[in-house]
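K.L.:
Next come the chains, spelled out residue by residue.
Number of protein chains: 2
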Amino acid sequence: MDKVVIGVDVGGTKTTAALATRSGQIIKLMRVQTKREEGAEGGFKAICKMVQNLLEEAKKHELNVIGIGVGFGGPVDFERGVVYLSHHVHGWENFPLRAELEKRFGIATFVDNDANAGTLGEWMFGAGKGINDLLYVNIGTGIGGGIISGGSLVRGWKNLAGEIGHMTVNPNGPVCNCGRKGCLEALASGEAIGREGTKRFGRTMKSEEVFQLADQDNEIAKQIIAEAVEALAFAIGAAANLFNPKRVILGGGVGEAPEHLLIEPLKALLPRYTLPQSSEGLEIVRAQLGYDAGIMGAIALAITVRQE
Amino acid sequence: MDKVVIGVDVGGTKTTAALATRSGQIIKLMRVQTKREEGAEGGFKAICKMVQNLLEEAKKHELNVIGIGVGFGGPVDFERGVVYLSHHVHGWENFPLRAELEKRFGIATFVDNDANAGTLGEWMFGAGKGINDLLYVNIGTGIGGGIISGGSLVRGWKNLAGEIGHMTVNPNGPVCNCGRKGCLEALASGEAIGREGTKRFGRTMKSEEVFQLADQDNEIAKQIIAEAVEALAFAIGAAANLFNPKRVILGGGVGEAPEHLLIEPLKALLPRYTLPQSSEGLEIVRAQLGYDAGIMGAIALAITVRQE
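So the protein lines, in turn, are chains A and B. Here the first sequence stands for residues 1 to 308, where the numbers follow the numbering used here. Here the second sequence stands for residues 1 to 308, where the numbers follow the numbering used here.
To be clear, the hints were calculated from the coordinates, so they are not data collected in a lab. One should not assume that every hint holds.
For identical chains, the list gives no copy identity; a pair is met inside one copy or between any two copies.
Claimed, not checked - Pairs of lysine-lysine, DSSO-like flavour, derived with a Cα cap of 30 Å: (1) Lys-103 with Lys-199; (2) Lys-267 with Lys-158; (3) Lys-59 with Lys-246; (4) Lys-267 with Lys-49; (5) Lys-199 with Lys-267.
With the hints as extra help, turn the sequences into a complete structure.
P.N.:
Next comes the structure, spelled out in C-alpha cells:
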C-alpha cells in the first residue's frame, strides 16, 4: 500500500484537514467552521471527525496513513505534543492533543504551532525549497515566524522560537498586543498599518487600503508603509546577523503587497542593519503557499518529522 | 591505542595548541607568540610546528590522534575549511587551512571561527554542559557570540551566524568598528564602556576601571554600566524571542564583572524585551572557561564534529 499522511490545520474558528501524498499532493481536503463557544471540546470533536473521514477515504484507495501532522493556532509543547493554550478558544490549556489523537487512531501524530508548521510548509513545498538556512516571516494581522537552520527547524527550549513579531524595535513605540512596547508586530503588522491609516487619514482603514493608496502615490500612505518597512528591516537585519540565512520569505496578507512597496525598499534598507558579509547575496522573496500555507504546513509537519 | 585530539587556537599574535583527551583533559599545552608582520605564512608555520610536536608527544604515550580542531580569530568557511580573512594579520584571505593541515598530517581537521569554537567549548566543558539550547555572548574588546539550538551549533548559510555584537540596538547610536551605527558592540563592549568612561570622566579609562568605580557607587560609572546593560538586555532579549534558549552564557572580560552590576540588572531588564513565556525560567550565567576558552573551544571543535 502507498504511504500517505494527514494534515490538520486548527485555526480559531476554522479547521482544515487533508489527506496527502508524501510529496505534498492533496488527495482530499475538508474544511469546517467551528464555534468559539464550543471551546476545545468542540474543536477536538471536529478534528476527530475529519481524521476519521480521511482515514476511510485512504482505506477506500488502499492507502496507508503513516502520520498525522497538526498545525495549531497557539503555542504548543512540541516534545510532549501538548497545547499550551489557544489565544482565541477557551479550554485548550494543557490539552494533550497528540496523546488523544494517537489513542483514538493508533497513528504517529505530531503537533506544532502554526508558525512552525507554516515554516516547514514553505521550506518543503513553497518558496524555501532546497534552502537549508531560511527565515520565514508571516505578516498578517499579527507577525509570526520560523527559522530553518542547517536543514532543521529551530525550536528552542520550549518550542517558542521564531517570535520575530515580538522583537523590540522601538522601546518607545506603540503598545503591542503582548503588552510590551514597540514590538515589530506593533509597528509593521497589517493591524499596525491599518491603525496608522485610521489615525492619519481620520477614518477607519485597513492595511490593504493603505497599500492601495501608497501604490497610487499618496504621500501619507507612502510614509506609513515606509515606517513599517523600516521596522521590518531592523528586525530581519537582527535575525540575519544572528543566524545568517540565505533566504527570507515574507508571507501573510502584507507579504503579498506590491514588490516596489515592500521587498524592494526592504532589500535597500537591510545593509543598514546587517553586517555586509551577511546581507550580501541574502534573498528576500514572497511566500508561495498563500491561503494554503496552514494546511500545507500541517502536511509538511507529518512528513518532515517522519524523516528525522 | 587511546584516542585523543589536538586543538589549536589561532589569535592575532598568539597561538595556543594542546593535546587532549576526548573528555577535554589536557595532556600537553603549548603557547607561542607570532609576529603580525610575518603574516599568514609565519602563523601557518607556527601551527604546523606545534601540531608536529604534539603528534610526537602522542606517539610517545601511544595515543592515537583522531582529529584536529582549529579555532581561528576571524571568519571561516566551515564547510570548505577555508579562512575568509583575519582582522589582524595579512595573508589569510582564502587560505585553505583545513586542506593544508590534512595534507601535511593526514588527520581529519576542522576549522572554525573562534566564536563558534568558544560556544562549543562552553557547551561541552563549561557553563553550558547538558544545555541543548543556549546563547553564548563573549563581551571583550568586541562582542562575539554563538548559538546552540537543539543540540547543534547554528552556523547559517556562510557560517556567519552568531553576530549578536552587530545587532543594531540604537540606530542613532555611536559608530561601530563595522562602520554602522549603534550596534551592540558600540554600546556594551569593553571598548565602548572604556570610551564612555574616558569621555565622561575626562581621562583615559578602561572598562575595568569603570566597573570598579561603579562597584564603589560612583554615579557616573553606574550610569555608564546601566546603559551598557540596557543595550545587552535589548539584544539578548531579541535573540531569546528568536531562539528561545534555556541559558545565556556571558564570557569575555566584561562577562566577569560583579553579578550585581551585570547579571542581576540584566535579568531584571530582560522581560522588557522578551515575551514572558520565553523569559520565564531563562538562566543567565557567567562563562566558566575564562582564559582557556579559546583552546578548550578548539578541542571541543575536534571532538564535537567527530561525533556528528
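K.L.:
Name the hints, by number, that the structure is in violation of.
P.N.:
1, 3, 4
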